[in-house]
Amino acid sequence: MSADILLRSVRLASGLVLLAFVTGHLCNLMLGLHSLAAMEAARPWLMGPWRSAPGLALLAGAALVHIALGITAIVRRRSLALSRTDAVQLALGLLTPPLLLEHAVVMHLAGEVTPDFHAAFGQMLAVYWSFSPRYAFQQLAVVMVVWMHGAIGLYSWLVLKPVWRRIGGLVLPLLFAVPILALLGFAEAGKEVLERLAGDPAWRAQIVENLNKVARVTRTYEGLRANLLMGYGALLLGAFACLGWKILRQRLRRVRVDYDGGLSAQARVGLSLLEFSRLNHIAHAHVCSGRARCGTCRVRVEAGAAQLSPAAELEQRTLERVGAAAGERLACQARVLGAGVQVTRVLPAFADASAARAPQDWSPA
Amino acid sequence: MNGMAGSSVELLAGAKARIASLGVDLARAPQEALAAYDATRAALMTGAGVRGVTYFAILLFVGIAVEWFYWTYAYSPLRAVQAARPDSPLEALRLGLRRFALLLCGMLLFTIAAISTSAAFAWPAGVHETVVAAALLLLALRLSWAAISIVLAPGRAPFRLVPVEPARARWLAAVGIAAAALLALGQFVPAALERALGAPHVAGALRFGAFSAALLALLIGAFALFGRSESRDPAARMRAPLFPRSFVLGLLVAAVYAVWLLDPRAAGVTAVAAVVLALLLGLRAIVYFYWGGDGDGQGALPAIVLSLARFVVVLAGIGAALLALGTPLATLAETVNPWVRIGLRLLGVAVLALLAHGVWIATRSVIDQRLVRIGPIDPHHPPDASSRLVTLLPLLRVSTAVVLLVLLLLSSLWALGIEVTPLLAGAGVVGLALGFGAQALVRDVIAGVFYLAEDAFRVGEYIESGTTIKGTVERITLRSVALRHHNGPLHFVPYGSLGTVRNTSRDWVIDKFNLPLPIEVESEKIRKMIKKIGEEMKADADIGPLIMEPLKGKLYRIDPGVKVFRCKFRSPPGKQFDVRASALKRIEAALKAMGVQFADGRTVVVTGPAG
Chain P
1 MSADILLRSV RLASGLVLLA FVTGHLCNLM LGLHSLAAME AARPWLMGPW RSAPGLALLA
61 GAALVHIALG ITAIVRRRSL ALSRTDAVQL ALGLLTPPLL LEHAVVMHLA GEVTPDFHAA
121 FGQMLAVYWS FSPRYAFQQL AVVMVVWMHG AIGLYSWLVL KPVWRRIGGL VLPLLFAVPI
181 LALLGFAEAG KEVLERLAGD PAWRAQIVEN LNKVARVTRT YEGLRANLLM GYGALLLGAF
241 ACLGWKILRQ RLRRVRVDYD GGLSAQARVG LSLLEFSRLN HIAHAHVCSG RARCGTCRVR
301 VEAGAAQLSP AAELEQRTLE RVGAAAGERL ACQARVLGAG VQVTRVLPAF ADASAARAPQ
361 DWSPA
Chain U
1 MNGMAGSSVE LLAGAKARIA SLGVDLARAP QEALAAYDAT RAALMTGAGV RGVTYFAILL
61 FVGIAVEWFY WTYAYSPLRA VQAARPDSPL EALRLGLRRF ALLLCGMLLF TIAAISTSAA
121 FAWPAGVHET VVAAALLLLA LRLSWAAISI VLAPGRAPFR LVPVEPARAR WLAAVGIAAA
181 ALLALGQFVP AALERALGAP HVAGALRFGA FSAALLALLI GAFALFGRSE SRDPAARMRA
241 PLFPRSFVLG LLVAAVYAVW LLDPRAAGVT AVAAVVLALL LGLRAIVYFY WGGDGDGQGA
301 LPAIVLSLAR FVVVLAGIGA ALLALGTPLA TLAETVNPWV RIGLRLLGVA VLALLAHGVW
361 IATRSVIDQR LVRIGPIDPH HPPDASSRLV TLLPLLRVST AVVLLVLLLL SSLWALGIEV
421 TPLLAGAGVV GLALGFGAQA LVRDVIAGVF YLAEDAFRVG EYIESGTTIK GTVERITLRS
481 VALRHHNGPL HFVPYGSLGT VRNTSRDWVI DKFNLPLPIE VESEKIRKMI KKIGEEMKAD
541 ADIGPLIMEP LKGKLYRIDP GVKVFRCKFR SPPGKQFDVR ASALKRIEAA LKAMGVQFAD
601 GRTVVVTGPA G
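Protein sequences, first through last, are from chains P and U.
So that you can map any letter, position 103 of the first sequence is 103 in my numbering, and since no number is skipped, the others follow by simple counting.
So that you can map any letter, position 428 of the second sequence is 428 in my numbering, and since no number is skipped, the others follow by simple counting.
Extracted from the complex, chain P is given alone in its bound form (with noise of 0.2 Å):
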């Protein structure tokens, strides 16, 4: 198995976990439609699993893989010939770990140091509700954020698996219904929160006794997320300068390429005949946005075969798994290194999902 596939494995799995935790997490706000004690009750089997040390670490481990991993896809990006859709997920999961990694800390450290704290969903709403509103908006804006994200991800890999015929019309409502809930859950449970905390004084004094305690570990932490968020940043820019390095050095190095229908485009060499389609305007279907999974980009090379990037396994695959006839590559994927190379589209522009999930249906006359 080649490094990109395996890459390309880690990273799904890695998002997946996340997703699951995320659902769980969402899941058990659900509850809040219902009651303050139902929310309670389900936590132990929603989140608790979480909590523990292999949860805790599959978790960490996760998520610090799956920023890696994005981080290192921007570096191997060529240009920033992007789908619209492809920037919205970006731009989301960058987003995500300066949001999330408040949220993350001060939950961990608030569990280390008051027990009775992290076991009570009541309390963490009342901070949330009435004494620090602030986090409610970081939280909000993290729900958001990471549920875009992941349903982003999560529906751009499965509507390409024959398995979505089935399981589409019951994945697609749920992608929505799961975050809408969850927010309605959190608001109602809001309103259960304020009510109670009007009506019990000791509940409430219990509850700031433990934000004291709180505030005094986290201003230690304060120093730690100030150095993670600037290493944070000092990463992100350095993978964008390294992207614009690459797009400046070869800014000057032209090729053109010629397309079916009397079209050409020209673009900077190294780039892959999919981004030369995107930079010229030249309509080429994509409908996985250039990971090799779909297969709806595949060229005819007509001339200048030689001038392309040899074909990875990973492409090869695909292009066995969509029935592929000899000559044709996977333009997201052949990289266009000289002159001279001329190809046709073998899909039209129009061709969307079912291409992927039944390639026979759609294969050229």
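Mixed in with the good hints there might be a few duds.
One side of the interface only, derived from the structure: several residues of chain U facing chain P at Cβ under 8 Å [as the list claims (entries may be wrong)]:
#: 1; residue: Gly47
#: 2; residue: Ile58
#: 3; residue: Phe61
#: 4; residue: Ile367
#: 5; residue: Arg370
It should be emphasised that the hints constitute simulated quantities derived from the structure, not laboratory data.
Note that the Cβ used here is the ideal one computed from N, Cα and C, for glycine as well.
Got chain P; can you put chain U on it based on the hints?
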């Protein structure tokens, strides 16, 4: 006049007050903004604030969910539209409209889903309006973005819907989107600020700032980008510049801004008027871009479309202006403001003129096109089916123009509020008087109508009138017909004195001629000879097509010493002379070959034998 002066003074006073209030807005805005910010912050940092933001997040999710679901269906069609390669501007327009419809549907779904879900929540006081305003602002931004990028299609020349140089499309699009965003901002945000926060000065200042920035963007667009052509295309450079379009555009933008500054209520109408004027300025170029083909616009289509488009633009403008005024038509008609009344009447006249212009252009171009297609008719060649059109179309054109002009004149007077009935009655009396005086004229015209309706003659036909005037019809007017005698003189015959018309150019003619031969010839032999010549002529390549019934001859009369044979044939009108000449030539040759001479007029006196 007094009323006008009064309302002008009123207007100026209003403008003065308005400028003064703007100054107050700008002076007080910073302080008020700080207070509003603090108040907002304080309101947000409570349970109610968290609830509001949570609900807002839910709305976003609902909107995104509905639009995502829509795009799972609509994305492929959108890609197909984007992938198409339009080969003409019209095709591009069709694709652009389809693309806009697809995008619009998604945006509307998002907005409707978000706004209607918002009704389900118990919002903190004043937040609901803000949320709805935010949804509408988002819709406005997306809508203008989509519209401008479809119209200008930066980077995709074949999709461009307006004749703009490629290098400028991108900048124009950027400027247009910026201006649209600023306008939307100035439209939605201040109102929400005023309602939710009670900060009228901030709202006023923000409105002023946003509209001023939009003015700047539009001015840049008009002067810097729309301005003098930098095109390298010699065809475009060599064309004489006729009108300083960009300057007028800039002026229009500035005028709308000035009106808004002085009296915001009038800004809507002025903006509509400015847009209408700008469209009218650019309409010609746009219409010829779509329908003009090579840009010469020879055909009638661009002219018709242009006048129709002008009409539609003005009508839509009037509708939009009424909407912007917010006054129902009924109250508008009863208004006492003299400016408004005059304006309304002039508008009415403009609509009528446009309507008449449209009908005139349509009629004229259809007729002209038809005439051009038929081509010039040579009056000395036999007429065909189209000659009737050539006869009637110019007459129709003139009469249409006269009728339209009279109608337009009368209805404009009516629209201006001048009573037309007495005028018509007066015209009736005068008409009566004239009618007695010009009896002959009337008789000619009416007779002419019937001659033409009955298709008695057409241009190019040879006719003989009852008054023995004959000639080829060269020209037909409302009153008379011009006949060219075959010797040259041109007769102008009024229809009234044309009388019986003998049209010798219709369908066919029969020609007969006599052949006197000596009494000794054998009749049967001659008959056969003539028949044979007739068959030969029918088979002849040159003369054959002119013969409808071949030449035949028979013994007709026997005079002392002479046998007269009568020959006849049938041919198309005007061809009988050629055919007859050819027949006589052949008969002469045949007789010579047979050794027969024509009967001569000499009388042979036979005397007794000498001696």
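So, going through the hints one by one against the coordinates:
no., hint, in the structure
1, Gly47, "holds, 5 Å"
2, Ile58, "holds, 5 Å"
3, Phe61, "holds, 5 Å"
4, Ile367, "violated, 43 Å"
5, Arg370, "violated, 40 Å"
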